[in-house]
Amino acid sequence: MWNIEKGREEEQQRGLEQEVVPMVQRAPGFVTGYWTSDQAAGKAYAMILLDTEEAARQFMAMVEGDPSGRSKVGILPEMLAVAKVIAHADSAARPAIQA
Numbered sequence: 137m138w139n140i141e142k143g144r145e146e147e148q149q150r151g152l153e154q155e156v157v158p159m160v161q162r163a164p165g166f167v168t169g170y171w172t173s174d175q176a177a178g179k180a181y182a183m184i185l186l187d188t189e190e191a192a193r194q195f196m197a198m199v200e201g202d203p204s205g206r207s208k209v210g211i212l213p214e215m216l217a218v219a220k221v222i223a224h225a226d227s228a229a230r231p232a233i234q235a
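Here the sequence shown is numbered in my numbering, starting from 137 and rising by one per residue.
Since the hints were derived computationally from the structure, they do not count as laboratory data.
No experiment lies behind these values; they were computed from the predicted model shown.
A couple of the hints might just be wrong.
[Unchecked claim] DMTMM-like, lysine to aspartate or glutamate: derived pairs with alpha carbons at most 20 Å apart:
#, residue 1, residue 2
1, K208, E145
2, K220, D187
3, K208, E153
4, K179, D226
5, K179, E153
6, K179, D202
7, K142, E153
8, K142, E214
9, K220, E189
10, K220, E190
Using the sequences plus the hints, can you model the full thing?
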């Protein structure tokens with residue numbers, strides 16, 4: 137979870153698209169990532185899935201070092217964690233509806 141400075145949405149979005157997303161995609165073990173924000177609350181959330189716990193811990197250590205310069209555009213970490221995926225759902229796994 138991230139604290140985001142209000143009023144800087146354009147530069148934050150630009151940094152996300154031009155720096156953060158490409159950097160995350162190149163991370164060893166990267167599987168998928170999602171970024172969301174609640175501008176009214178001044179919060180942003182990211183869920184990055186990696187293929188092993190070791191890759192996730194290495195990724196978190198890299199993120200803690202602020203490699204993309206997020207602090208310069210008003211994005212500060214509130215909570216970072218490595219957690220195990222314990223369930224998953226998506227539309228492809230949805231059972232067919234019987235008519």
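- Query: CA of K208 to CA of E145, is that 20 Å or under?
  - Reply: Since the Cα atoms of K208 and E145 sit roughly 13 Å apart, the hinted pair holds (cutoff 20 Å).
- Query: Are the Cα atoms of K179 and D226 separated by 20 Å or less?
  - Reply: 25 Å, violated
- Query: Given the hint that K142 pairs with E153, does the C-alpha gap stay at or below 20 Å?
  - Reply: Cα-Cα ~18 Å, so holds.
- Item | Distance restraint between K179 and D202, which requires alpha-carbon spacing of 20 Å or less | It holds: about 17 Å lies between the C-alpha atoms, which stays within 20 Å.
- Query: CA of K142 to CA of E214, is that 20 Å or under?
  - Reply: Cα-Cα ~15 Å, so holds.
- Task: Sort out whether D187 lies within 20 Å of K220, counting only the CA atoms.
- Result: 11 Å, holds
- Message: Between the alpha carbons of K220 and E189, is the straight-line distance 20 Å or under?
- Response: It holds: about 8 Å lies between the C-alpha atoms, which stays within 20 Å.
- Message: Need the status of pair K208, E153: alpha-carbon distance at most 20 Å?
- Response: 16 Å, holds
- Agreement of K220 and E190 with the hint, judged by alpha carbon distance not exceeding 20 Å: Holds. K220 to E190 sits at ~12 Å (cutoff 20 Å).
- Message: Please verify whether K179 and E153 have alpha carbons no more than 20 Å apart.
- Response: 17 Å, holds
Checked against the numbered hints given earlier, this structure breaks only hint 4.
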